[in-house]
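Residue numbers (the numbering used here), protein chains in the order written: chain A, 1 to 286; chain B, 1001 to 1286; chain C, 2001 to 2286; chain D, 3001 to 3286.
These aren't lab readings, by the way, just hints derived from the structure by calculation. One or more of the hints may lead you astray.
Unchecked claim - Have a look at the derived ranges for each label pair, beta carbon to beta carbon:
no.: 1; chain 1: B; residue 1: 1176; chain 2: C; residue 2: 2127; range: 49 to 57 Å
no.: 2; chain 1: D; residue 1: 3130; chain 2: A; residue 2: 139; range: 20 to 28 Å
no.: 3; chain 1: B; residue 1: 1126; chain 2: A; residue 2: 45; range: 30 to 38 Å
no.: 4; chain 1: B; residue 1: 1072; chain 2: D; residue 2: 3176; range: 34 to 42 Å
no.: 5; chain 1: A; residue 1: 45; chain 2: C; residue 2: 2204; range: 17 to 25 Å
no.: 6; chain 1: B; residue 1: 1229; chain 2: D; residue 2: 3152; range: 23 to 31 Å
no.: 7; chain 1: A; residue 1: 139; chain 2: B; residue 2: 1043; range: 35 to 43 Å
no.: 8; chain 1: B; residue 1: 1075; chain 2: D; residue 2: 3240; range: 56 to 64 Å
no.: 9; chain 1: B; residue 1: 1085; chain 2: A; residue 2: 203; range: 47 to 55 Å
no.: 10; chain 1: B; residue 1: 1188; chain 2: A; residue 2: 139; range: 34 to 42 Å
no.: 11; chain 1: B; residue 1: 1113; chain 2: C; residue 2: 2240; range: 14 to 22 Å
no.: 12; chain 1: A; residue 1: 4; chain 2: D; residue 2: 3175; range: 57 to 65 Å
Treat the numbers as computed from the prediction; the structure is a model and nothing was measured. Virtual Cβ for every residue (Gly too), placed ideally from N, Cα, C.
4 protein chains.
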Amino acid sequence: MTAPRQFRLTLACPDRLGIAAAVAQCIVDHGGWVQEAHNHAETDDPHFFMRVAIEHASLAPRLDDFQRAFEALAARFAMRWSLADSARPKRIVLMVSKQAHCLYDLLGRMQAGELPGQIVAVISNHPDLRGLVEWHGLPFHHVPVTPDTKPAAFAEVERLHAAYGAELIVLARYMQVLPPALCARQAGRILNIHHSFLPSFVGARPYHQAHARGVKLIGATCHYVTADLDEGPIVEQDVIRIDHADRIEDLVRTGQDVEKAVLARGLRFHLEDRVIVHGHRTVVFR
Amino acid sequence: MTAPRQFRLTLACPDRLGIAAAVAQCIVDHGGWVQEAHNHAETDDPHFFMRVAIEHASLAPRLDDFQRAFEALAARFAMRWSLADSARPKRIVLMVSKQAHCLYDLLGRMQAGELPGQIVAVISNHPDLRGLVEWHGLPFHHVPVTPDTKPAAFAEVERLHAAYGAELIVLARYMQVLPPALCARQAGRILNIHHSFLPSFVGARPYHQAHARGVKLIGATCHYVTADLDEGPIVEQDVIRIDHADRIEDLVRTGQDVEKAVLARGLRFHLEDRVIVHGHRTVVFR
Amino acid sequence: MTAPRQFRLTLACPDRLGIAAAVAQCIVDHGGWVQEAHNHAETDDPHFFMRVAIEHASLAPRLDDFQRAFEALAARFAMRWSLADSARPKRIVLMVSKQAHCLYDLLGRMQAGELPGQIVAVISNHPDLRGLVEWHGLPFHHVPVTPDTKPAAFAEVERLHAAYGAELIVLARYMQVLPPALCARQAGRILNIHHSFLPSFVGARPYHQAHARGVKLIGATCHYVTADLDEGPIVEQDVIRIDHADRIEDLVRTGQDVEKAVLARGLRFHLEDRVIVHGHRTVVFR
Amino acid sequence: MTAPRQFRLTLACPDRLGIAAAVAQCIVDHGGWVQEAHNHAETDDPHFFMRVAIEHASLAPRLDDFQRAFEALAARFAMRWSLADSARPKRIVLMVSKQAHCLYDLLGRMQAGELPGQIVAVISNHPDLRGLVEWHGLPFHHVPVTPDTKPAAFAEVERLHAAYGAELIVLARYMQVLPPALCARQAGRILNIHHSFLPSFVGARPYHQAHARGVKLIGATCHYVTADLDEGPIVEQDVIRIDHADRIEDLVRTGQDVEKAVLARGLRFHLEDRVIVHGHRTVVFR
């Protein structure tokens, strides 16, 4: 029971007449069989977004021709675009600290063969999770971070990232702030899970803040990392009900269930090429 | 703050290469500006489904040409299709009995100008809700139904339906079973709200059944009516949490909140041409 | 199918040994039959909270004795407490402006006999909703509010509140800020519905803020009104999923469904004596 | 950040006057400090249910006296009752087959120290998950089940259960039907996770059934196992939204997220002594 192999074409461009038709025609001209497609147009600041899933076997024979033709079309419409092959999973570097709930969740999905991406390495600022990671056959890199070593540590992170040919960094409850320059270089390619329903409770200890405020729901937010902490484009969010009897440690525990679920969904959207960043916001073709 | 005027093209046909491109090209050939589009392909029994929202002003000048051209295209691909103008709301006959929660909800939406359809009349087998309906400026028809008068009563319902030029019947907690012949004649044009999460608790007194079974969630289902009671294609469902302290009358009350929300959403999907029936199932382009 | 008549005893006091036992014994000593009870103890700042539902018929014959005995017990434990009779619904003044979705929802519940309180009057700063209110047999008072007339207007509101013997003010999307003195005098007796998931998007135009931030869920908050706008103790909250295709007007419409549901639930909790305010937070015995 | 140590007293008995008071008085007479308490009375078939959380240190010095006194009280009211110490976690035997999502989830909670019970062994009818289980330091027993060996296999299961002194069996997607005699001997002490929102889609392949019926939500149910398959008392349920584009394998994957969440919650309720079975239904003091 595996998903059918597909090409996933995603694009964004200023809106004008005929984009969808030109794209669809270019696909069919090269034999491509469309299985799923979504368009969206923003009207305030007119932009057009599209995701097309094309049966792999139909387009593969003339793929080079298609890419050349599409290149020209993309230039004409000033598109940002990408074409991904579902059988070539994106390479992921996971970053963790001590909390393991998101790591367990993602390793479980990996073992079940359901993660539509490939974890190539795990980096942590603590050694605690080495055993679990290595049992799963993955390399584990302990890169401690202290105020003094921070620049060197993140240079090492970027070296590892490059060495593994990674295309995505996932901060799975990684408790260090990334340097702005790294965020900028990897814009749209670093996913974080924040343990609050943003923009509520930005910053440290959101569950303590939530308890103090007496909210009746707590949540989690999966977002792309930018230099502005907790301000990056949001990919996915969810919440869960709590009540007055929940102490802060209950919020932490309950919230972890939302965190891992939201990260798994947001990550899936990214890996399946369902997310297009548009300024401060995201288009997510679910 | 009203939604922009659109044409909504929906279609279903056996799947084959090039449908999306042909449709998109036909739209752009007649000046149509696509604002939102979704395709879906079923692979088991290969069928293709599409919904396109086209800016009204872009297509309106050459609408007749477009329709002629599309007629030919539709014939070529053996499509079922429709083209709806968002500024011409569908005409709805509401049918109710004594319970008013769905009626209140829909009248409130009508008054707020948010219902993307036009209620043209309300028919009831009880006189109780006449005052509320007439206060809202709508005609109210009391058509009692007894075992003896049932054929005559539903003949009158169909006469009223025709007289009002209605395109949709909404059973907003109408407590009579419609004759199979009427269901067949209006297939895909009668929406019902059932007070359970189907297929759980079919038939009578679902909240009593739910209480007896000790479920922890109760739900509601909006579906098209077919001759097989509670078996029609499902458009929308939702649930709400209950607990052991809820008596049957609490389930009834709590459930009504789900019923009205689910009916309102399902009805909106239908009125915005988001639903395509495919055998026993529905495609809903949300 | 009506709920059984009950006395509802609620209390809060500094925590110490034996409160629950003393309360339970006092009830049984006077023949009271407990149907539902909840205790909760806060451990940081040790406080004890309790709600007991007592069958009416069992306690009614010796009610005066019970109240005298409980008065002494309450003094001993320094309790805030109340004893309410479910057959004597609390008297409610509704305040509205132009938006009617919450009003429709509450009037529908009133007509269905499911509101566990009695709406005694509706006050609005606009005349628009007079017809709907008066059709339901309720008095409607148009009290315009301008910067100049604000003190006089709210003096009139308080005069009406007193004249109707109201015990609760419900701001059902009332778009004026209440004077701090009124908030203080009616602390814990004014419920508001705010159209965001607080503490996100405080202040004006939360749906515009939500759209700009690109959140994936929007929500609503029912809270007691205090002089600090949007900072009062939260009674109930909920959220609903949105996506990139939702324009601001879609958020407004979708959000209204959450607003009316959250207000109805929060109001029910209050009317059924399920809420105890404790500083900035609430205990809600659901 | 651990929960405070508590005694948890739970009881069920025919309802009559004075139960709550007698229980509370017995607790306070022995120094017990009540932190959280819930009563519930069923009125149709009058039964009384109660859960009290008592601070451990307050009751521990006179525990034996308390138990003797409570024994007498329980006899007087014909109570089923239990007294559990939160610091003595219940001993759990997990049973699994090949699917690991629930196992990963529970092992992750165990590692995080958040599981309020102790997994003492894992039994499986397949050898696949041995490595993962043993890496976590738990014994793994492969007990194959074929039609011929079924009686012997389940005799071995019961032998292991006894040898480990287990108090609960958790079927974490164990794909064999337990013998009725085992179900009867362990009534109320075997939890199962069923991969549908019962009573929808009983029996085999519920996701296939859900897909065929075209439902818009799928769910999972945690219930006690009885000899009537899928008919045991329900402890917890939840659902998740799907749509027309989800193939059966998408339902399986999406559903697994609900299964593990629902099992974890239902298991927690059991381990924290929050569940009282009452005939076909459960009282769950959340």
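Hints versus structure:
no., hint, in the structure
1, B:1176 x C:2127: 49 to 57 Å, "violated (40 Å)"
2, D:3130 x A:139: 20 to 28 Å, "holds (24 Å)"
3, B:1126 x A:45: 30 to 38 Å, "violated (53 Å)"
4, B:1072 x D:3176: 34 to 42 Å, "violated (59 Å)"
5, A:45 x C:2204: 17 to 25 Å, "holds (23 Å)"
6, B:1229 x D:3152: 23 to 31 Å, "violated (48 Å)"
7, A:139 x B:1043: 35 to 43 Å, "holds (38 Å)"
8, B:1075 x D:3240: 56 to 64 Å, "violated (41 Å)"
9, B:1085 x A:203: 47 to 55 Å, "holds (50 Å)"
10, B:1188 x A:139: 34 to 42 Å, "violated (56 Å)"
11, B:1113 x C:2240: 14 to 22 Å, "holds (21 Å)"
12, A:4 x D:3175: 57 to 65 Å, "violated (27 Å)"
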